[in-house]
Amino acid sequence: MEEIVILSGKGGTGKTTLTASLSALIEDKVIADCDVDAPDLHLLLNPEIKEEKEFKGGYRVKIEKERCVECGLCRQLCRFGAISEDFIIDDFLCEGCGLCFNACPQKAIKMDIETAGYIYLSKTKYGEFIHAQLFPGEENSGRLSSEVKNLARDIGIRENKKYIIIDGPPGIGCPVIASLSGADLAIIVTEPTQSGISDLARIVQLTQFFKIETKIVINKYDINFEMTEKIEEYGKRKGVEILSKIPFCEDVIEALKNKMPVVEYSKGPASAEILNIKKKIFG
Amino acid sequence: MVITVGSGKGGTGKTLISTSLAMSIGNVQFFDCDVEEPNSYIFIKPVIEEEIGIETFVPEVDLSKCNFCKKCQEICRYNAIAVLKNKVIVFEQLCHHCGACIWVCPNKAISEKKVKLGTIRKGKSDSIEFFEGRLEVGQATSPPLIRELKKYIEKGKDVIIDSAPGVACPFVNAVYGSDFVILVTEPTPFGLYDLKLAVEVCENLNLKKGVIINRSGKGDNLIEDFCREKNIPVILKIPFRREIAEGYSKGLSLPEIDPQYKMEFKTLFEKIKNL
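If you read the protein sequences in the order shown, they are chains A and B. Under the numbering used here, think of the first position of the first sequence as -18, with each following residue one higher. Under the numbering used here, think of the first position of the second sequence as 175, with each following residue one higher.
Some hints could be false.
[To be verified] Here are the simulated DSS-like cross-link-like pairs (lysine-lysine), alpha carbons at most 30 angstroms apart as the crow flies:
| no. | chain 1 | residue 1 | chain 2 | residue 2 |
| --- | --- | --- | --- | --- |
| 1 | A | K259 | A | K196 |
| 2 | A | K248 | B | K392 |
| 3 | A | K211 | A | K259 |
| 4 | A | K88 | B | K392 |
| 5 | B | K282 | B | K219 |
| 6 | B | K370 | A | K238 |
| 7 | A | K260 | A | K240 |
| 8 | A | K217 | B | K259 |
| 9 | A | K37 | B | K370 |
| 10 | A | K43 | B | K325 |
| 11 | A | K31 | B | K370 |
| 12 | B | K392 | A | K226 |
| 13 | B | K411 | A | K240 |
| 14 | B | K404 | A | K240 |
| 15 | B | K261 | A | K192 |
| 16 | A | K88 | B | K411 |
| 17 | A | K34 | B | K370 |
| 18 | B | K404 | A | K192 |
| 19 | A | K192 | B | K290 |
| 20 | A | K192 | B | K436 |
| 21 | A | K43 | B | K245 |
| 22 | A | K104 | B | K370 |
| 23 | B | K244 | A | K91 |
| 24 | B | K392 | B | K298 |
| 25 | B | K370 | A | K106 |
| 26 | B | K424 | A | K196 |
| 27 | B | K404 | A | K238 |
| 28 | B | K244 | A | K37 |
| 29 | B | K424 | A | K46 |
| 30 | A | K91 | B | K282 |
| 31 | A | K238 | B | K392 |
| 32 | B | K290 | A | K196 |
| 33 | B | K325 | A | K211 |
| 34 | B | K219 | A | K217 |
| 35 | B | K331 | B | K298 |
| 36 | A | K37 | B | K411 |
| 37 | A | K238 | B | K325 |
| 38 | B | K288 | A | K192 |
| 39 | B | K287 | A | K240 |
| 40 | B | K244 | A | K43 |
No lab work stands behind these hints: they were computed from the structure.
Sequences and hints are given; from them, build the entire structure.
Set out below in structure tokens:
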């Protein structure tokens, strides 16, 4: 089983558009959306939810005033400055590490684990689809991304699938690292803008740091040929293949507004190029 | 007044709008809190005057003192430390630098190993004081760096913050303590879905907010209907225009692409102050 993760560094370059279309074109796969805090792939795949699982990622830590003797040990130990002088825990600053809970000699600190989101196992016309929704503002998106991925792996192994196709989150932080770990190939979708190039360099540095094979797709390459050339030079310098250049195409936005993968919406130039990507990687 | 620009969905134009606003009004402190992928320097073009390394620590285990009791593994809420038969593995990317393992170790076998978390870059461009956080590639947790960066906010000054996309902890840390949040969206189902999530965070934190529709045109009603229902003002619309996309690709802000935007953003700033 091969794991292919679609990433971008910069948001809004076309990760989900590409993932949805590849999901429609490739057979014998499990689809996963590891962007758990702002997931969008489900909007294009029209899933029917078969199973729903709580994600236990949240925590609420509280000091019980009746038991607290204000010895100050918790304040002294907390690295996040989350405990105020009058011994109230700031939910925003608290990282839920549990050090105060474990250390309190009075056992005056309570720690509850709470549901912080849901994981969904869904059916789509393109195959099985694992996705999630972290409650807005919650932490632990990296762990939820890992759980989505692990569930997709379990299903893939059980049903003897050939591929797992993963839509990743933007950035280079914990949920990206979680989506990336153990992948066989990272496809980085970028755009020919100054911001695109700046972000590309950081995400490629990350995939190379983890020694994961990386290929670049330049989306909307024809909006700035000079920048496209710069990305091509960059790829050469770093030994990263430019897998494809997708032209700007109105059909992509129209397909999105109609909530469909673009390859199913039209046979336009963007769809044709995505079909090329499919042939190059998946035969 | 502290204004944060966020979006939920990535690539809707946060950085273009935050930098255009700062460059139009001037005399502001600008903070790039998208520390994973900071881009505002491309538009503001500051002269960097100082770079400050920000460090954190990860546990380092002295095996000669370790008796493999697994207490560190048990206390760690992030699965960042694993004790094997005669080996202890630290997964630095999972570590939240809380120090619980160090505290719990009965043999004092764990110490702090300093690692670089990121860099804060300080600079100037005309009347803009520029501050940027830049997470070290390979580091997973951006909130501590965002918090360090925001310590440079001076009370009484006008402040513009560019946030990371998404609605999880990087966004929450950027937006926390703001007087107003500008949520930038686009008139697509993705834009709407992620806008709803970002609005929910702002509501939970009790923050005032307004929406900017970027690449506005056909389909705006999708966003406008939602905003009306939620009673959130649509404070600006930026139409889809090829010259904006081209200017953006070269690193130009809106007032540089079309000078009329300077006035638009000045008016917008006054409007926000009065909301």
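Verification of the supplied hints:
no.: 1; hint: A:K259 / A:K196; result: 13 angstroms, holds
no.: 2; hint: A:K248 / B:K392; result: 22 angstroms, holds
no.: 3; hint: A:K211 / A:K259; result: 25 angstroms, holds
no.: 4; hint: A:K88 / B:K392; result: 59 angstroms, violated
no.: 5; hint: B:K282 / B:K219; result: 48 angstroms, violated
no.: 6; hint: B:K370 / A:K238; result: 17 angstroms, holds
no.: 7; hint: A:K260 / A:K240; result: 24 angstroms, holds
no.: 8; hint: A:K217 / B:K259; result: 45 angstroms, violated
no.: 9; hint: A:K37 / B:K370; result: 23 angstroms, holds
no.: 10; hint: A:K43 / B:K325; result: 26 angstroms, holds
no.: 11; hint: A:K31 / B:K370; result: 24 angstroms, holds
no.: 12; hint: B:K392 / A:K226; result: 27 angstroms, holds
no.: 13; hint: B:K411 / A:K240; result: 23 angstroms, holds
no.: 14; hint: B:K404 / A:K240; result: 24 angstroms, holds
no.: 15; hint: B:K261 / A:K192; result: 24 angstroms, holds
no.: 16; hint: A:K88 / B:K411; result: 55 angstroms, violated
no.: 17; hint: A:K34 / B:K370; result: 22 angstroms, holds
no.: 18; hint: B:K404 / A:K192; result: 46 angstroms, violated
no.: 19; hint: A:K192 / B:K290; result: 21 angstroms, holds
no.: 20; hint: A:K192 / B:K436; result: 46 angstroms, violated
no.: 21; hint: A:K43 / B:K245; result: 23 angstroms, holds
no.: 22; hint: A:K104 / B:K370; result: 25 angstroms, holds
no.: 23; hint: B:K244 / A:K91; result: 23 angstroms, holds
no.: 24; hint: B:K392 / B:K298; result: 39 angstroms, violated
no.: 25; hint: B:K370 / A:K106; result: 27 angstroms, holds
no.: 26; hint: B:K424 / A:K196; result: 24 angstroms, holds
no.: 27; hint: B:K404 / A:K238; result: 22 angstroms, holds
no.: 28; hint: B:K244 / A:K37; result: 23 angstroms, holds
no.: 29; hint: B:K424 / A:K46; result: 58 angstroms, violated
no.: 30; hint: A:K91 / B:K282; result: 26 angstroms, holds
no.: 31; hint: A:K238 / B:K392; result: 10 angstroms, holds
no.: 32; hint: B:K290 / A:K196; result: 28 angstroms, holds
no.: 33; hint: B:K325 / A:K211; result: 37 angstroms, violated
no.: 34; hint: B:K219 / A:K217; result: 27 angstroms, holds
no.: 35; hint: B:K331 / B:K298; result: 15 angstroms, holds
no.: 36; hint: A:K37 / B:K411; result: 40 angstroms, violated
no.: 37; hint: A:K238 / B:K325; result: 41 angstroms, violated
no.: 38; hint: B:K288 / A:K192; result: 24 angstroms, holds
no.: 39; hint: B:K287 / A:K240; result: 49 angstroms, violated
no.: 40; hint: B:K244 / A:K43; result: 27 angstroms, holds
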